[in-house]
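Asker: Line by line, the protein sequences are chains A and B.
Heads up: the first sequence begins at 0 in numbering that gives the first Met the number 0, then just goes up one per residue.
Heads up: the second sequence begins at 0 in numbering that gives the first Met the number 0, then just goes up one per residue.
Calculated from the structure, these hints are not laboratory results.
We put the CB at the ideal spot given by N, CA and C, even for glycine.
Errors might be hidden in some of the hints.
Said to hold, decoys possible - For each label pair, taking beta carbons as the anchor points, the in silico distance ranges come out as: (1) B:A137 x A:V33: 42 to 52 Å; (2) B:I87 x A:G65: 50 to 60 Å; (3) B:W276 x A:R66: 42 to 52 Å; (4) A:D52 x B:G24: 54 to 64 Å; (5) B:G29 x A:V59: 49 to 59 Å.
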Amino acid sequence: MQCRTYYDRAMCVLCGVLLNDHWAEQEGGRRGRVFRGRLLNRVLAVYGLRLDDWSGRVWVLRDRKGRAAVVDNLGAVWVEAERLCGRPLDPLDPDLIAALS
Amino acid sequence: MKTPVVVLTGFLGSGKTTLLARLLGHPDMGETAVIVNELGEEAIDHHLLRRVDERTVVLGNGCVCCTLRGDLADELRDLLSRRDRGEIPAFGRVVVETTGVADPAPILYTLLGDQVVKHHFELERVVTTVDAVNGLPAAESVRQVAAADTLVVTKTDLEAANDVRPDLERINPAAELLVASFGDVEPDALFGPAGTDPRSVPAGEPDTGHGDVHAHCLVSEEPLDWTAFGIWLTMLLQARGGDVLRVKGLLNVGAEGPLLINGVQHVVHPPEHLPSWPDGDRRSRIVFIGRGFLREELEHSLAAFNGAVLGSDPEGV
Numbered sequence: 000m001q002c003r004t005y006y007d008r009a010m011c012v013l014c015g016v017l018l019n020d021h022w023a024e025q026e027g028g029r030r031g032r033v034f035r036g037r038l039l040n041r042v043l044a045v046y047g048l049r050l051d052d053w054s055g056r057v058w059v060l061r062d063r064k065g066r067a068a069v070v071d072n073l074g075a076v077w078v079e080a081e082r083l084c085g086r087p088l089d090p091l092d093p094d095l096i097a098a099l100s
Numbered sequence: 000m001k002t003p004v005v006v007l008t009g010f011l012g013s014g015k016t017t018l019l020a021r022l023l024g025h026p027d028m029g030e031t032a033v034i035v036n037e038l039g040e041e042a043i044d045h046h047l048l049r050r051v052d053e054r055t056v057v058l059g060n061g062c063v064c065c066t067l068r069g070d071l072a073d074e075l076r077d078l079l080s081r082r083d084r085g086e087i088p089a090f091g092r093v094v095v096e097t098t099g100v101a102d103p104a105p106i107l108y109t110l111l112g113d114q115v116v117k118h119h120f121e122l123e124r125v126v127t128t129v130d131a132v133n134g135l136p137a138a139e140s141v142r143q144v145a146a147a148d149t150l151v152v153t154k155t156d157l158e159a160a161n162d163v164r165p166d167l168e169r170i171n172p173a174a175e176l177l178v179a180s181f182g183d184v185e186p187d188a189l190f191g192p193a194g195t196d197p198r199s200v201p202a203g204e205p206d207t208g209h210g211d212v213h214a215h216c217l218v219s220e221e222p223l224d225w226t227a228f229g230i231w232l233t234m235l236l237q238a239r240g241g242d243v244l245r246v247k248g249l250l251n252v253g254a255e256g257p258l259l260i261n262g263v264q265h266v267v268h269p270p271e272h273l274p275s276w277p278d279g280d281r282r283s284r285i286v287f288i289g290r291g292f293l294r295e296e297l298e299h300s301l302a303a304f305n306g307a308v309l310g311s312d313p314e315g316v
């Protein structure tokens with residue numbers, strides 16, 4: 000498993016690296032985190048990916064080939080999902096919208 | 000209490016320093032520390048004045064807007080330290096004047112992302128000057144206009160002046176628009192929290208544009224789920240962030256007042272709950288400024304993500 004934690008890696012504010020609290024994860028507490036994971040998995044499943052909570056602090060993102068990445072916030076989920084899929088995951092993609100609708 | 004920071008930007012020669020010099024001379028201005036990239040001919044030496052070189056720290060795998068302005072962070076920390084030691088007057092505000100060609104996003108990133116800076120300073124608003132003679136001469140000026148909370152049109156007194164306001168309103172319909180000849184603006188008009196006035200986010204206006212940049216005023220009749228919105232926007236910024244210049248909106252998340260969301264390129268402010276709506280219209284409204292987007296595809300996509308909440312059974316968590 001390729002571990003990529005984002006505590007020390009400087010990337011993009013989108014990933015919340017230098018922000019302890021990612022802007023999109025500041026509401027809801029633990030219950031919100033569980034719900035967020037559930038909703039994320041609805042989207043990620045379209046791309047053959049799965050996200051599991053690991054100790055309530057980080058997520059483990061996996062693809063069907065057994066590759067995995069550890070991510071610690073919502074922004075990093077998309078960075079790693081893009082890497083595992085080899086292409087950007089566009090929320091405006093009609094196929095994704097159809098799958099969610 | 001955090002010290003407010005106003006970012007003053009605008010293209011080369013658009014009147015930033017003239018505006019600042021006039022403001023600093025105003026009796027209501029109060030003690031203000033000024034950080035500038037370039038020292039111009041205007042005399043603003045009666046206030047704290049610091050000059051910074053444009054030193055940027057390019058972060059690994061980061062994008063252009065997410066470079067840390069180490070020079071700015073250092074200056075802000077130093078100002079803080081010297082104020083605390085009593086070496087300089089106790090300023091109550093900082094104005095950061097950018098270079099004419101600066102992209103404001105890295106400055107905002109530094110204010111929101113640097114661990115020390117963000118605990119002692121808060122971004123109050125972005126003010127962008129545009130001169131009525133030259134308008135929007137470069138791509139940088141369009142980015143500066145898109146990032147603005149307040150737009151100040153300068154040099155309207157000159158014979159060659161044009162009415163640039165329609166262009167500015169087409170690019171950034173969410174910004175407050177002021178006209179100031181010779182930098183003549185009251186401090187109250189420029190300093191104070193911006194973006195907290197819900198009226199500054201229009202609802203349902205027709206799409207507008209300037210060149211390849213378009214502003215879409217999205218409206219959602221249904222309440223938006225904050226979790227779904229966060230997932231949608233973070234995914235969109237990762238996939239097409241290079242084309243997103245600004246996102247500013249009031250979201251109906253089922254609370255008493257709206258949730259304010261405000262982002263410049265990749266740099267997103269922490270969401271803020273506002274106490275009440277400005278009027279009876281409780282619909283979520285988002286001004287989305289970018290390149291290559293269609294209003295319908297944005298609304299359709301956001302609605303699909305929001306609708307997916309039902310299938311994810313939030314009550315069952």
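Asker: Each of the hints needs a verdict: does it hold here or not?
Answerer: A quick look at each hint next to the structure:
Here the CB-CB span from A137 of chain B to V33 of chain A is close to 47 Å, well matched to the stated 42 to 52 Å. For the pair I87 of chain B and G65 of chain A, the supplied restraint of 50 to 60 Å holds, since their beta-carbon distance comes to about 59 Å. Between W276 of chain B and R66 of chain A the beta carbon distance is about 46 Å. The supplied range of 42 to 52 Å therefore holds. Between D52 of chain A and G24 of chain B the CB atoms are about 57 Å apart, so this pair conforms to the stated range of 54 to 64 Å.
A hinted range of 49 to 59 Å for the beta carbons of G29 of chain B and V59 of chain A is consistent with their spacing of about 51 Å.
Violation of the numbered hints given earlier is absent; every hint is satisfied by the structure.
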